[in-house]
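Undergrad: Listed here are the chains, written in short residue letters.
2 protein chains.
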Amino acid sequence: MNFGIAYFPSKEIQDAANSYRKRYDPHYALIPPHVTLKSSFTIAEGKLSEVVSELKRIANETKPFPLRITKVSSFEPVTNTIYFKVEPSDEIIELEEKLHSGKFEDTRKHPFVPHVTLAQDLTHVEFTDILGRLNMENHQYEDTVDRFQLLYQLENGQWTVHDTFVFGKE
Amino acid sequence: MNFGIAYFPSKEIQDAANSYRKRYDPHYALIPPHVTLKSSFTIAEGKLSEVVSELKRIANETKPFPLRITKVSSFEPVTNTIYFKVEPSDEIIELEEKLHSGKFEDTRKHPFVPHVTLAQDLTHVEFTDILGRLNMENHQYEDTVDRFQLLYQLENGQWTVHDTFVFGKE
Chain F
1 MNFGIAYFPS KEIQDAANSY RKRYDPHYAL IPPHVTLKSS FTIAEGKLSE VVSELKRIAN
61 ETKPFPLRIT KVSSFEPVTN TIYFKVEPSD EIIELEEKLH SGKFEDTRKH PFVPHVTLAQ
121 DLTHVEFTDI LGRLNMENHQ YEDTVDRFQL LYQLENGQWT VHDTFVFGKE
Chain G
1 MNFGIAYFPS KEIQDAANSY RKRYDPHYAL IPPHVTLKSS FTIAEGKLSE VVSELKRIAN
61 ETKPFPLRIT KVSSFEPVTN TIYFKVEPSD EIIELEEKLH SGKFEDTRKH PFVPHVTLAQ
121 DLTHVEFTDI LGRLNMENHQ YEDTVDRFQL LYQLENGQWT VHDTFVFGKE
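Chains F and G are the protein sequences, given in the same order. Letter by letter, the first sequence follows residues 1 to 170 in my numbering. Letter by letter, the second sequence follows residues 1 to 170 in my numbering.
Careful: at least some of the hints might be erroneous.
Since the list can't tell identical chains apart, any single copy or any two copies may satisfy a pair.
Straight-line distance between alpha carbons at most 30 Å, and here's what the computed BS3-like set of lysine-lysine pairs gives [as the list claims (entries may be wrong)]:
| hint | residue 1 | residue 2 |
| --- | --- | --- |
| 1 | K11 | K98 |
| 2 | K109 | K98 |
| 3 | K103 | K11 |
| 4 | K47 | K11 |
Simulated from the structure, these hints should not be mistaken for lab results.
Let the hints inform the model, and build the full structure from the sequences given.
TA: This is the structure in structure tokens:
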């Protein structure tokens, strides 16, 4: 079973993202708008409760921190994914690091670029058009990260939340 | 903001449901397969943390209980929704009751029929065809309910999980 860890930003940010995702992100139906903190990983049979305990421990020692979106960006030329760029604060970098060290294997293939995907798998014309439009709009948002969620993937690719880890709780 | 409370059954059940939902449920992209425990309700400004505390209290005093799906059924002639019928155990009835009494306003418009929707808004031909097909298949599943989730609705209708309440914790 594939698991993933994500943060769902405020409704305002999700609504703004969905207005683009609906048409331009093939993953639209698979998961609400999110910031991936740990991409698809597997948990060995019988080890789920151990992982949950470790995530609880990490959430307990994390304090809520601000999340700022200041602009739209893209992964061009690597991919033509367009996204809300999340400012890489010390707190989010530290959190992502904890989810890839200690008891967690470091399976990262790319440096961590926190973001909310708006569009992907675009034609060149779509890419230029959407990025042009987004750059004329104002996309600045502030939010407070106070939790993350462990999700698992269904056979159709859709993600279901298994558990929610609120910061600073036991 | 609209909130709802749902239980997401085992991956096996969700996968079985999605094989029908993908084609026959217009809500497919809005939420993974689920059992609704409390349908869309609002929470007054500033009252979310109170509701979360109450849901924690209810989860704390609830013990994990079995969930059994024994057959496929439909709401005909009221609607042509087709669903996995969840056996209405004492435990699930009691849980649903708690989510509509005490601090929660009782906004129920129908008796509680626990189910996982497979198809809805069908033409008459689709309805007959799908129900016939499902009735020739074996749809018996067992699962253990050990949590429920509070979700909120985005402007596009999609649901995001706000928090997970695991039974019998702290």
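Undergrad: Look at each hint and say if it fits the structure.
TA: Against the structure, the hints come out as follows:
no.: 1; hint: K11 - K98; in the structure: both (26 Å within a copy, 27 Å between copies)
no.: 2; hint: K109 - K98; in the structure: within (16 Å within a copy, 47 Å between copies)
no.: 3; hint: K103 - K11; in the structure: between (32 Å within a copy, 25 Å between copies)
no.: 4; hint: K47 - K11; in the structure: between (33 Å within a copy, 17 Å between copies)
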